[in-house]
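A.B. asks: With the hints as extra help, turn the sequences into a complete structure.
Here are the chains, one letter per residue:
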Amino acid sequence: MNYPAIQLTHLDNLWFQVSGTLCNIACTHCFNNSGPNVRTFGFLSLETVREEIEAAARSGVKEIFFTGGEPFLHPEFLDMIALSLERAPTTVLTNGMLIDDRLADRLAEIERSARYSLEIRVSLDGHTEEMNDAIRGRGVFRQAMAAVARLSRRGLLPLVTVVRTWSDEEELATLAGFVRTLREAGYTRPRIKVLPSLPLGRELERASIISTDTLLTEEDLKEYDRELLMCSNSRLVTDRGVWVCPLLVEKSDARLGATLQDASATYELRHNACVTCYQYGTICGNVSSLIEGPASVADSGNGKAP
Amino acid sequence: MTRLALFGGIYNNYRALEAALEDARRRKVDAVYCLGDLGAFGPYPDRVYPLLRSHEVQCIQGNYDNSLAGGLADCQCGYTDPRDNHFARISYSYTFKNTSEENKAWLRTLPMSLRLETGGRRVLLCHGSPRKINEFLWESTSPDSFLEYLLAEFDADIICVTHTGIKWHRTLAGGRHFINVGVLGRPENDGNIPVWYAVLAIEDGRVEVEFVPVPYDWQGLAADMRAESLPEEFIETVTTGWWTTCLEVLPHKERARGRF
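Each protein sequence line maps, in turn, to chains A and B. Residue 257 in numbering that gives the first Met the number 0 sits at position 258 of the first sequence; the count goes up by one each step and never skips. Residue 53 in numbering that gives the first Met the number 0 sits at position 54 of the second sequence; the count goes up by one each step and never skips.
Keep in mind the hints are simulated off the structure, nothing from the lab. Keep in mind that a hint or two might mislead.
[What the hints assert, rightly or not] Quick list of simulated restraints, FRET-style, between CB atoms:
1) A:Gly138 to B:Gly174: 48 to 58 angstroms
2) A:Asp224 to B:Ser92: 42 to 52 angstroms
3) B:Glu207 to A:Lys221: 43 to 53 angstroms
4) A:Arg114 to B:Ser53: 34 to 44 angstroms
5) A:Gln260 to B:Thr170: 26 to 36 angstroms
6) B:Thr170 to A:Asp212: 52 to 62 angstroms
7) A:Glu169 to B:Thr108: 41 to 51 angstroms
8) B:Gly174 to A:Ile208: 53 to 63 angstroms
[As the list claims (entries may be wrong)] Only part of the chain B face toward chain A is listed, based on derived beta-carbon distances under 7 angstroms:
9) Ser139
10) Thr140
11) Ser144
12) Phe145
13) Pro193
14) Arg254
Glycine included, C-beta positions come from ideal geometry on N, C-alpha and C.
C.D. replies: Rendered as structure tokens:
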């Protein structure tokens, strides 16, 4: 079979799997199977992060993202954020569990002195304790909400990131629930980003996904803006090499090289998860989105006059 | 010395356009450029066109103009939030309905970008970014490295863009410049009423950028918008200087500076 091939147009988005797959919780929908004692991927060194940021800056990088696992488990993570912000706007994906008052103070200080934006994305998968903790684990709701409140009190406006685990009929009520809960916690102008669930990792079991056979074809990509696909503009640095995107980190064919310099190869879309990226476009980008559902090719572009 | 007046995002605000053109005339600039997005947000779209023509403003297409010219279903503003898109649809269908066929045909004749050579500097004018008509280049998310890449990739010493609605200017290595010229259509989300344009002065390779505030009859604009039944949310922005819609595309720093 011929898979559609996507070229790296330009490295806009540089990702770091900074804490590997090590996490202090184990969500039932985790797409890369992160959790306590999961060491499929390990910590990145400050030196590797520095070198790859410098390399990416030389080629004109636009944004830098840190993910895991839980990035704040890394003992040198604050230094990494600070050095990243010297070069580019920076986004941190966190579960918020470790954001106490001291850490929130430090983040606010770093943000204030930075030229570029620092985005802190705090994951939350339910607007009630019951809904959230069923996915993210017991006690997580309270701690994540406390983190959101701590950050917003300090003028940091966290982007609350929610994986869509509800049905279309529940959409409006659910989103309204998130807004209400966040406002009640003192976050007066909540920013919310809804992400699609990914047919990968533990989510396969949680959502009872039976088939992952569907793949993208050349036909699907006709008249489609390929720049919406992460593989056209992103790379992920891990302690085991550089991957094409953060989603496919458990797929060995998605490892493109040892360093960024040798990871610019064209990538063939061989995975079912590529369909999710295709349907939802900029899922990992920094535009806050409340996803309305997959857009078909016909809806996504140049229709006729209103 | 060459002095160019530059603005974008008129968003149907013919009153601010008139005031800006008058200001630029008083300053005796050598030429006036509009970087696109003639329509959106404000009232009476067709009032903008005669002003642009009579003042010989050289225009390029923004995403809005490209949509109107091509009869597209939406404004290609690049929003992804449903509330933002709701308001974008209101202004796009209003502007579509109230822009004459003649003016839509004129939009089709506009170039997507313009290149100038002046005072020994290569200047590139475009709407969002040189690589994409609706790319948002905010000050806090446009790192030096990325801007230098664009300048090199597109063979320019100075690149001027608009699209985001908030002005900024960065001086880069080698005396190169990147300028977001701001917009005339609505204030900058800082609680101030005036809108902005830019004057770019070039002499013997030396570059100066001045941002000019444009006071205009905003009460008149608000009254026009009410008469046309445009959303109160839009009118509030005109009368307070704070954005009430299209907020979700703002990066952290720009969002934190606003009220909403």
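A.B. asks: Next, verify each hint and record whether it holds.
C.D. replies: Now the hints, each set against the structure:
1. A:Gly138 to B:Gly174: 48 to 58 angstroms: Taking Cβ atoms as reference, A:Gly138 and B:Gly174 lie about 57 angstroms apart, which means the hint holds.
2. A:Asp224 to B:Ser92: 42 to 52 angstroms: violated (23 angstroms)
3. B:Glu207 to A:Lys221: 43 to 53 angstroms: holds (47 angstroms)
4. A:Arg114 to B:Ser53: 34 to 44 angstroms: holds (42 angstroms)
5. A:Gln260 to B:Thr170: 26 to 36 angstroms: Cβ of A:Gln260 to Cβ of B:Thr170: about 30 angstroms, so the range 26 to 36 angstroms holds.
6. B:Thr170 to A:Asp212: 52 to 62 angstroms: holds (54 angstroms)
7. A:Glu169 to B:Thr108: 41 to 51 angstroms: Roughly 49 angstroms apart at Cβ, these two residues keep to the hinted range, so it holds.
8. B:Gly174 to A:Ile208: 53 to 63 angstroms: Holds: the Cβ-Cβ distance is about 56 angstroms, inside 53 to 63 angstroms.
9. Ser139: With a minimum Cβ separation of about 4 angstroms from chain A (threshold 7 angstroms), the hint on B:Ser139 holds.
10. Thr140: holds (4 angstroms)
11. Ser144: Nearest chain A Cβ about 4 angstroms off; hint holds.
12. Phe145: The hint holds - B:Phe145 has a Cβ within 7 angstroms of chain A, the shortest such distance being about 4 angstroms.
13. Pro193: violated (25 angstroms)
14. Arg254: B:Arg254 check passes; min Cβ-Cβ to chain A is 6 angstroms, inside 7 angstroms.
Checked against the numbered hints given earlier, this structure breaks hints 2, 13; the rest are met.
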